[in-house]
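**Q** When we follow UniProt numbering, the leftmost residue of the sequence shown carries the number 1, and every step to the right adds one.
Keep in mind that the hints are not guaranteed to be accurate.
Stated by the list, open to error - Derived DSSO-like pairs: lysine-lysine, alpha-carbon spacing no greater than 30 Å straight-line: (1) Lys153 x Lys452; (2) Lys153 x Lys501; (3) Lys501 x Lys452.
What the hints assert, rightly or not - Cβ-Cβ distance ranges computed for the label pairs, FRET-style: (4) Cys222 x Val196: 30 to 38 Å; (5) Val196 x Leu402: 33 to 41 Å; (6) Met388 x Arg7: 22 to 30 Å; (7) Ser12 x Trp254: 40 to 48 Å; (8) Val392 x Glu303: 51 to 59 Å.
Bear in mind the hints are in silico, worked out from the structure with no lab data behind them. Glycine residues also receive a C-beta, built at the ideal position from the N, C-alpha and C atoms.
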Amino acid sequence: MLQQMVRPSPISATVDFDAEGVHHGFLRLPYSRDDAAWGSVMIPVTVVRNGVGPTALLTGGNHGDEYEGPIALFDLAHRLRPEEVTGRVIIIPAMNQPAFGAGTRTSPIDRGNLNRSFPGRPDGTVTEKIADYFQRVLLPMADVVLDFHSGGKTLDFLPFCAAHVLADKMQQDRAFDLVRAFGAPYSVKMLEIDAVGMYDTAAEEMGKLFVTTELGGGGTACGRTASIAIRGARNLLIAAGVMQGEVAPQPTQWLDMPDADCFTFAEDAGLIQFLADLGDRVEAGQPIARIWPTGRTGLPPRELCTNRAGLFTAGISRAGEAGRLRGRGRGGDRSGMTRLPPADMARAVLVALIWGMGFVVAKGATGHFPPILLQAFRFAVTAAVMAMFLRVPGRGNLPWLLAVSLVGATIQYSLTFSGVHRLSAGIAALVIQLEVPFLVLLGALLLGERPKPRHWLGIALAFAGVAFIAGNLRFGGSWAALAMVMGGAFAWALGQVMIRKLRGIGGRVITAWVAVLATPQLFLASLLFETGQGAAIAGAGPDVWAAVGYLGLIMTALGYYLWNSLLVRHEVGRVAPFLLLLPVFSVLGGVLFLGEVLATAQLIGGALVLSGVGLMLIERRAPAPVAA
């Protein structure tokens, strides 16, 4: 009903977004003015389509005094051919055409800042109408969005490509993959401190993969930054699966924004004198600028000091002018692994406890329910909880979602918990840690990733540990069960690689679809490979159904909620090592609640597995720059 009340956009496109081939035209917005009663704002647009595939939306000129993006996109619109494309590319070099024509950051018509005008209004100002068209028409079409920026007339940046730190870590990591492929000299994991009304927020809330840039500034574009933009746009399209070819790899330095202390703001207007240049490394508390009062002579300047050590990345572009400094720098903490606050350490330990005890609960429940049937009920509970996140998966995603649900859920959980049924919960939790080395190996074999030497050492240690455990198992089906758990770990890793084939779909949506699709698959697998389901269901008591509830609600829903809440505030490398506690809790739970006993040899093998996985999970953080 509400949608019926929303006015249609006054903007009309002179191109057919669904037509095959190359089409150049305009987004036409009627705008009556003194010199043209029937005038229009004409926003150039190019659409290149070839068959079925993801859609990339490329925009520049969001601010009218930033030129690297428009240069790259006018070049791309001129050169791109349908035979190079799989899917669709929508190119809008100057999305805020009035501002671009005037060479100003905001629109000369209504002083609107398009980047901060979302979701817009169909009956609002010119800027709001443009934002509304992107919000309701263009963004829903897109799987990937690349929005070019630079510093304009008032800022200057080290040239970088960036994506935001997000609550949805799967969406975030896939965006970071595109940032890496773009190949700017610097790549930034950007913390959003003011998301209200932003174009990027509108795209990210729809589950789109959003990538942006800051390429220089000073109200101009040099040959180097224009080349970065041109090459980067093509690299990103190739990495997103929209354009054929090979990514042209470029060296990049990753910078991190751990918190708002990466920004230094001036509280006084005046004449700015920088004490550091872009690219300089600065220490915490180091003065980086002076603000001179300009109302009279003889007054001392106000010094601005950094809040933390790092790399000076951005600042006012014309240091000799009066104005209000909003000096900005972005970078990474150079002090090694930063300790988590006590409350977050407690949450991380709680996640490991919840997931580790899940093996104990599942082991106990498989004494009543057949293991595959147990997982079917678990996924049914998860699907009921996650159904609210279901949405149309996007063009070309459904076949991959089916594959992910089959391999990464049905096969994985069937093998893993059929093995758990015949092994101790502690041994199963140790062996399942092979997920990490399997993922590294598949990344190298199928995705062309390059493991570091410590990754190879970790893989060797992990498999040596499993071999040590296997060599000390007693017969009676234990080896077959061990192979099942290893097969489950491999299926999980393969499922993660398959997820990389999905385009423009966030982690919560993927989880919801996998749960919904895997539930009937697991029930069918139980019918095919297990017996006694009817008697098990009829005889299930409250404790068994409580176990199902734990697996579906506590282990899956609450566990992932707490995990994602940690990843919102901290890097994966800071919290992932806590997962090494998972098998520890499984072993303790098995001993306390199931009466399990681990032999010394099995404990030694488990220590080898955890050591190997630890080598792969715990990153050694090189010193990197921060903010001023």
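**Q** Among the hints numbered above, which are violated by the structure, and what are their numbers in rising order?
**A** Those not satisfied are hints 1, 2.
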